[in-house]
Amino acid sequence: MKPFTYERAASPAEAATAAARQPGARFIAGGTNLLDLMKLQIETPDHLIDVNGLGLDRIEETQDGGLRIGALVRNTDLAADARVRRDHAVLSRALLAGASGQLRNRATTAGNLLQRTRCPYFYDTNMACNKRRPGSGCSALGGYSRQLAVVGGSEACIATHPSDMAVAMRVLDATVETVKPTVKPEGATRKIPIADFHRLPGDTPEIETVLEPGELITAVTLPKPAGGTHHYRKVRDRASYAFALVSVAAIVQPDGSGRVALGGVAPKPWRREDAEAEMSRGAKPVMAKLLAGARPTEENKFKLPLAERALAAVLAEAKG
Amino acid sequence: MASPREIEVKRRALMAATVATAAVGAVAQRAGAQTTPARAAPPAMKVSFTVNGKPRDLDLDPRTTLLDALREGLHLGGTKKGCDHGQCGACTVILDGRRINSCLTLAVMHPGSEITTIEGLGTPDKLHPMQAAFVKHDGYQCGYCTPGQICSAVAVLAEIEAGIPSHVTADLNAKPALDDAELRERMSGNICRCGAYSNIVEAIGEVAGRKA
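Sequences listed follow chains F and R, in order. Using this note's numbering, you'd call the opening residue of the first sequence number 1 and step up by one each time. Using this note's numbering, you'd call the opening residue of the second sequence number 321 and step up by one each time.
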């Protein structure tokens with residue numbers, strides 16, 4: 001790892017202000033992704049701001065019947081929360097489908113949203129990667145692209161977002177709450193719908209979210225329970241502890257209507273509300289709209305029928 | 321026009337100059353990952369935590385992972401460095417009651433924590449029941465992953481007892497079962513290259529009170 005200085009933040013607003021003051025600073029919470037990348041010198045922060053002591057580790061009920069999940073709630077605790085298991089089961093299921101028990105014990109809610117891609121060319125510092133070194137090119141285009149995006153990518157980048165949790169949060173219409181750096185002690189807060197939180201790569205794949213420099217996630221809120229049956233079906237190369245080739249998060253209502261988002265196919269959790277109008281007609285018409293405009297490679301075009309079949313399986317499961 | 325080789329030489333010369341400047345602390349430049357200038361090592365930081373019941377005080381470079389602090393700082397070599405990237409589980413220890421990958425956390429992040437390593441679970445004269453079960457069931461071959469497997473297994477049984485569900489738990493709202501499918505899924509973060517998995521599952525199952 002490159003040398004860095006280290007501090008423990010005293011409050012969310014102070015953490016944000018400290019981060020904005022030092023352009024090379026990064027927040028560290030669970031560290032399960034950041035330290036991995038620092039060892040490979042893909043991430044080379046000058047300064048780490050440890051946010052673990054900020055008390056953002058509670059899950060509270062909101063006034064409208066939803067939940068506010070603190071940014072530092074560990075993935076294990078979020079998946080095991082009785083209210084999440086009962087009312088937002090797709091989120092528990094998605095979390096439990098990701099990583100290993102050891103990693104889920106450290107990984108946090110906010111850190112999971114901010115995970116970097118596992119594109120092999122992002123990880124290999126000898127290869128061109130516009131996300132890692134803007135302007136260097138994309139080795140994945142025409143390269144080994146089995147894991148990579150079929151929709152939402154660009155000529156600059158076809159990386160996928162690796163999170164399972166974020167796919168469930170997208171289908172649950174979650175909101176990301178943040179505090180921005182400010183001269184005032186209390187900080188300026190904002191709320192970002194999860195649909196707007198992650199950016200598509202375009203020609204700036206190195207910018208992955210709408211967060212501003214120093215802006216700190218403090219919580220993720222879920223609206224009141226969506227009802228219906230909750231499903232998270234993840235298809236991967238091993239039965240456990242592997243990233244998704246395709247995943248389907250779905251909430252299906254008794255009348256056959258519902259919501260669906262896909263993981264493993266795009267640079268962000270992939271959902272299109274217009275596709276959901278087709279839910280009661282089956283997987284094929286849903287996927288025709290949800291994956292409209294897909295530009296798969298020879299190596300990952302299997303994801304299109306795989307996604308459709310995974311959704312068909314989910315819809316069959318929902319019928320019981 | 322300069323040849324690529326000339327450009328490379330110039331780039332290296334520029335890098336060398338940058339390194340020299342950075343060393344006197346005058347440059348706060350951010351470059352691409354491959355050309356990041358060297359930075360001076362940061363001052364050591366103090367951290368105190370409890371390892372296997374003993375209070376320990378360390379002066380560490382903040383870059384030191386908990387794994388390296390245990391192995392190099394405290395000479396507790398039972399915890400193993402496998403991949404050093406959170407993929408193999410050989411470095412699994414129990415931090416404040418929970419199993420973690422000690423390679424993916426910094427020691428300075430854990431003041432006041434209680435850490436249990438394989439050395440704290442049992443001794444050669446008085447094995448922890450999980451250690452004894454691994455011996456009885458031949459739950460290893462080369463043994464390199466074994467300390468991590470055993471720390472993980474001890475924590476897995478506590479997680480099931482606490483009602484924490486897993487990917488294979490059929491009913492999220494019921495108490496998880498103690499069957500092989502649950503144990504295999506929960507142990508998937510511990511890789512055994514020798515392939516002792518079936519014996520590992522038998523060992524854990526016996527400690528869990530199942531008929532072996």
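Among the hints, erroneous ones may be present.
Only pairs whose alpha carbons sit at most 16 Å apart, straight line, appear in this in silico EDC-like list of lysine to aspartate or glutamate [what the hints assert, rightly or not]:
#1 F/Lys2 - R/Asp381
#2 F/Lys39 - R/Asp404
#3 R/Lys495 - F/Asp81
#4 R/Lys366 - F/Glu7
#5 F/Lys39 - R/Asp381
Residues from chain F shown here face chain R by an in silico Cβ test under 7 Å; the list is partial [said to hold, decoys possible]:
#6 Met1
#7 Pro3
#8 Tyr6
#9 Leu35
#10 Ala97
#11 Thr229
#12 Ser280
Covered by chain R, per the in silico footprint, the following chain F stretches (three or more residues, Cβ under 8 Å) [as the list claims (entries may be wrong)]:
#13 47–59
#14 73–81
#15 87–93
#16 100–111
Because the hints were derived from the structure by calculation, they are not lab data. Just so you know, these numbers come straight off a predicted model, no measurement behind them. The beta carbon of each residue, even a glycine, is placed where N, CA and C say it ideally should be.
Each hint, compared with the structure:
1. F/Lys2 - R/Asp381: holds (11 Å)
2. F/Lys39 - R/Asp404: holds (9 Å)
3. R/Lys495 - F/Asp81: holds (13 Å)
4. R/Lys366 - F/Glu7: holds (12 Å)
5. F/Lys39 - R/Asp381: The hint holds at about 14 Å.
6. Met1: At about 5 Å, which falls below the 7 Å cut-off, the nearest Cβ of chain R leaves the hint on F/Met1 intact, so it holds.
7. Pro3: holds (4 Å)
8. Tyr6: holds (4 Å)
9. Leu35: holds (5 Å)
10. Ala97: holds (5 Å)
11. Thr229: Not OK, violated: F/Thr229 not within 7 Å of chain R, min 12 Å.
12. Ser280: violated (26 Å)
13. 47–59: holds (count 3)
14. 73–81: holds (count 3)
15. 87–93: Satisfied; 3 residues make the cut.
16. 100–111: Our answer is that it holds, as 6 residues pass the Cβ test (under 8 Å) against chain R, meeting three.
The structure is inconsistent with the numbered hints 11 and 12, although it conforms to all the rest.
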